[in-house]
Amino acid sequence: MAPVDIHEQLKALIELQTVDKQLYDLMRQRQAKPAQIERLNADHQHETQRVKECEAQLKALQLKRSSMEGDLAAKEGQVKKLQMQLYQVKTNKDYSVLQREIESVKADNSVLEEEILKVMEQVDQQKAAMATVAETLKGQETQMRTAVAEVEREMADLDAAIARLQTTRQAFTPRVDAKVLARYERILDKKEGLGLVPVKVQQEACSGCHMNLPPQTINEIRLKERLIVCESCARLLYYPEDAST
10 MAPVDIHEQL KALIELQTVD KQLYDLMRQR QAKPAQIERL NADHQHETQR
60 VKECEAQLKA LQLKRSSMEG DLAAKEGQVK KLQMQLYQVK TNKDYSVLQR
110 EIESVKADNS VLEEEILKVM EQVDQQKAAM ATVAETLKGQ ETQMRTAVAE
160 VEREMADLDA AIARLQTTRQ AFTPRVDAKV LARYERILDK KEGLGLVPVK
210 VQQEACSGCH MNLPPQTINE IRLKERLIVC ESCARLLYYP EDAST
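So the sequence shown is numbered by our numbering: it starts at 10 and just counts up by one.
Incorrect hints may appear among the rest.
[Claimed, not checked] Derived DSS-like pairs: lysine-lysine, alpha-carbon spacing no greater than 25 Å straight-line:
1) 61 <-> 90
2) 73 <-> 61
3) 20 <-> 136
4) 99 <-> 89
5) 61 <-> 127
FYI, nobody ran anything at the bench for these hints, they're computed from the structure.
Go ahead and model the full structure; you've got the sequences and the hints to work with.
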């Protein structure tokens, strides 16, 4: 088996890393898209729930008014019944008792009528509030559909871009030794799309984790006799052609 040319391997890995970093960034964007749609749907559900709550509050007020109007009708019937009894009493005392009872029920009815008017005002206010919320929901639905369509378009664009890069990647991988590629990909999966990084020459540091590198390590990297990894972040290292970085 021919020895692995580290110089050529690094050249191929540098090109592959460029593609892989783009792939990582695009895939990270793609992975975030479903959550965007979920947030849009959640916002829509929130507005829908507000409409349902307004409807429930309106129904409760209408039931309350109906119940109070039923009570008022019953009390008005009671007044009429008592008034009919006035013609049947035999003594002034009984007449006075009935008269006071009639006045008491009428007073209760007046209070109840005021309460009914207040509830009717609340019903009107709730109808107006529900109309506002329903209009907001209608506008929000339009915006949501537009936003979801835009996110879905972005997802399709990202899928296409990812597919193109994956095809490009397949053209690079045969140039890398299988063992070297496996080692690089293990690091790549754990290091946010960066399995191979250059030395920051001026700072004598790893550009992946920014930790300083011993001079001996930098010399070994420049020699390109074997693959060198950063002892801090475990990424593969290479010495850039432009040493001013």
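Inset, instruction - Take the C-alpha atoms of residue 61 and residue 90, compute the straight-line distance between them, and say whether it is at most 25 Å. - result: Violated, at roughly 43 Å.
Legend entry - Hint consistency between residue 99 and residue 89 [alpha-carbon to alpha-carbon, up to 25 Å]: holds (19 Å)
Inset, instruction - Given the hint that residue 73 pairs with residue 61, test it: the Cα-Cα distance must not exceed 25 Å. - result: holds (18 Å)
Legend entry - Restraint check for residue 20 with residue 136, where alpha carbons must lie at most 25 Å apart: violated (71 Å)
Legend entry - residue 61 paired with residue 127 [C-alpha distance capped at 25 Å]: holds (23 Å)
Violated hints, listed in ascending order, are 1, 3; each of the other numbered hints is respected by the structure.
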